[in-house]
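Heads up: the sequence lines are chains A and B, in that order. Quick note, the first sequence lines up with residues 1 to 266 if you use full-length UniProt numbering. Quick note, the second sequence lines up with residues 1 to 300 if you use full-length UniProt numbering.
Any given hint could be a false lead.
To be verified - Pairwise CB distance ranges (calculated):
(1) B:105 to A:38: 33 to 39 Å
(2) B:39 to A:163: 55 to 61 Å
(3) A:36 to B:223: 31 to 37 Å
(4) B:39 to A:91: 19 to 25 Å
(5) B:128 to A:171: 50 to 56 Å
(6) A:138 to B:146: 41 to 47 Å
(7) B:256 to A:36: 48 to 54 Å
(8) A:228 to B:105: 56 to 62 Å
(9) A:124 to B:100: 36 to 42 Å
Since the hints were derived computationally from the structure, they do not count as laboratory data. Backbone N, C-alpha and C define an ideal beta-carbon position, used for all residues, glycine too.
If you want the building blocks of each chain, they are given just below.
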Amino acid sequence: MREMDSALDLQKELPEGRVLAVRGLTKDFTMHLVDGRVAHALKGVDLEVEQGEHVALAGPSGAGKSTLLRCVYRTYLTTSGAIGLRTSTGAVVDLATMPDWDVAMLRGREIGYVSQFLRAEPRRPVIEIVARAGIARGMERGEALDAAAVALRRVGIDEALWPVHATVLSGGQKQRVNIAAGTISPPRLLLLDEPVSALDPVNRVSVLDLIAGLREQGVAVLSVFHDLEAIEMLATRVVVVEGGRVAADGDPHEVLRANHGLAVAR
Amino acid sequence: MSLTLHERAQYAGAPLASPAPAPAWTLSVRGLGKIYGDTSEESIAGTGPEFGTAVSPNTGAIVAAWGVDLDVAPGEALGVIGESGSGKSTVLRCIAGDEPATAGEMLFTDHGGSTERLDQLSPTERRRMRISDISVVYQDPALGLTMDVSAGGNVADPLTAAGWRNFGRIRSRATELLQRTEVPIARMDHPVKAFSGGMKQRVQIAKSLANDPSLLLLDEPTTGLDASVAAGVLDLMRGLLEETNVAAIVVSHDFSVIEMLTTRVIVMQHGRVVEAGLTDQLLEDPQHPYSQQLVAAARG
Chain A
1 MREMDSALDL QKELPEGRVL AVRGLTKDFT MHLVDGRVAH ALKGVDLEVE QGEHVALAGP
61 SGAGKSTLLR CVYRTYLTTS GAIGLRTSTG AVVDLATMPD WDVAMLRGRE IGYVSQFLRA
121 EPRRPVIEIV ARAGIARGME RGEALDAAAV ALRRVGIDEA LWPVHATVLS GGQKQRVNIA
181 AGTISPPRLL LLDEPVSALD PVNRVSVLDL IAGLREQGVA VLSVFHDLEA IEMLATRVVV
241 VEGGRVAADG DPHEVLRANH GLAVAR
Chain B
1 MSLTLHERAQ YAGAPLASPA PAPAWTLSVR GLGKIYGDTS EESIAGTGPE FGTAVSPNTG
61 AIVAAWGVDL DVAPGEALGV IGESGSGKST VLRCIAGDEP ATAGEMLFTD HGGSTERLDQ
121 LSPTERRRMR ISDISVVYQD PALGLTMDVS AGGNVADPLT AAGWRNFGRI RSRATELLQR
181 TEVPIARMDH PVKAFSGGMK QRVQIAKSLA NDPSLLLLDE PTTGLDASVA AGVLDLMRGL
241 LEETNVAAIV VSHDFSVIEM LTTRVIVMQH GRVVEAGLTD QLLEDPQHPY SQQLVAAARG
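With the rest of the complex left out, here is chain A (with noise of 0.2 Å):
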């Protein structure tokens, strides 16, 4: 295993303004139940995304962008290099090694994570799944349903359904009771793995709309678009993800217009 690169400075990596610095990060997976084969599934990304940027990764299935955000929020282990992140405090600290319980706890309030699939928690009503991500992000309970009721009334979900218990809704209802849980109040940095693929195309544009909202507050959102349509409507930046590594990065229009655009989606 590759260790860190002791001599680099993290604090250097994330002036103020940036939130997320990438550096050298690779991504093994070893099956040991699979004569211990291992899959080198990032093998040396850079990527930083400034505060109020939406950075979007673009490239062939299988890429590694997905796993690339699943880094990012500490579901996957990283296997070298670092994840700086700075912090609403001005902190700077490293994802990818930071102890389990400061994640847990960055996570709550800094880190907004929305997949592609909501793996609803067992019998719990639509409207505490959204809630408890408020009182994470250190809201008091009432206020918590308050702003509960706003972020679903913002994606589209109806108030006879917010008792019901998430695990029975549809899957375009589930991914937006995702969004409205990781969206409830801004986090600093926004996850987004394929956020509209199960929405009907009245909800997808409302949905879109949300993330582009957010991105003026001053959020960071990094994202996984399936169509290039969301990408064009929304990111300020592409990057182009190959292989495990980074094949361009730039503006969206150009690097979409360039070769690496036949690449993306599907």
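Dock chain B against chain A, hints included.
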């Protein structure tokens, strides 16, 4: 072998600023060990995951737990997962004081901020602590309850042990606790042996909360219950853990229990901790061969 997160953190070079002040752990355990039989150093060699056994080839002693480190903070639940014989219940019993540990330090800090070394307390002091500060909910309700005694009497027991004398106050506290754990008050005076399995667990949970403990130890609390009954007990525990500031350790072989109740988890095999991580990370990206095997078995 992959490194545990603790090891990874140590290798990570200069420490960076922490986003939150370091937690004041309710319980901090270092190097906990429990050996049945010859407790000399000789018994350790040849045991553990790399040898596939907890039985010492040198002395025949059972090294049920060795070198176990764990921390749990107020308001947090830590999971301990592993199959039967992995040592997870042994660790819980040593923390509870049901059995003396062979080795290790256990630093305990209660709600009020006073700190004690559990491993250095006398048996009398340990008993006092079990009444006032550390509660256990056992898989087998017979271990936590007196079966011939009523539900109310069982819940009153730790209160009288803690010095409560006023009958009316004891009765109203017991009623409050049983209401909180959804035991029908009409059945408060019935002996618990007449209760269903799920209802016995609810009485046990009510009893465990009687003196507002700082640390709650849950040992397979839903194992053996019908799925729908287990779900109700789990929902109750989830609610209690979220509402109170108690630190909890949840021992289970069942990932669905661990996933629902805990944010962090340690994995045990043959008496050793083989991996520690965030619960979702352990489920999505298990590192150790044994963890991968457990997750694969659970996920199908």
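Hints, one by one, checked against the model:
Between residue 105 (chain B) and residue 38 (chain A) the beta carbons are some 38 Å apart, a value that agrees with the proposed interval 33 to 39 Å. Roughly 56 Å separates the CB atoms of residue 39 (chain B) and residue 163 (chain A), a value that falls within the hinted 55 to 61 Å. At roughly 33 Å, the beta carbons of residue 36 (chain A) and residue 223 (chain B) sit within the given window of 31 to 37 Å. Roughly 45 Å separates the CB atoms of residue 39 (chain B) and residue 91 (chain A), a value that falls outside the hinted 19 to 25 Å.
Against the hinted window of 50 to 56 Å, the Cβ-Cβ separation of residue 128 (chain B) and residue 171 (chain A) comes to about 54 Å, which satisfies the hint. Here the CB-CB span from residue 138 (chain A) to residue 146 (chain B) is close to 43 Å, well matched to the stated 41 to 47 Å. At roughly 28 Å, the beta-carbon separation of residue 256 (chain B) and residue 36 (chain A) lies outside the given 48 to 54 Å, and the hint is violated. In this structure the hint that residue 228 (chain A) and residue 105 (chain B) lie 56 to 62 Å apart at CB holds, the actual value being about 58 Å.
The hinted range of 36 to 42 Å is satisfied by residue 124 (chain A) and residue 100 (chain B), whose Cβ atoms lie roughly 41 Å apart.
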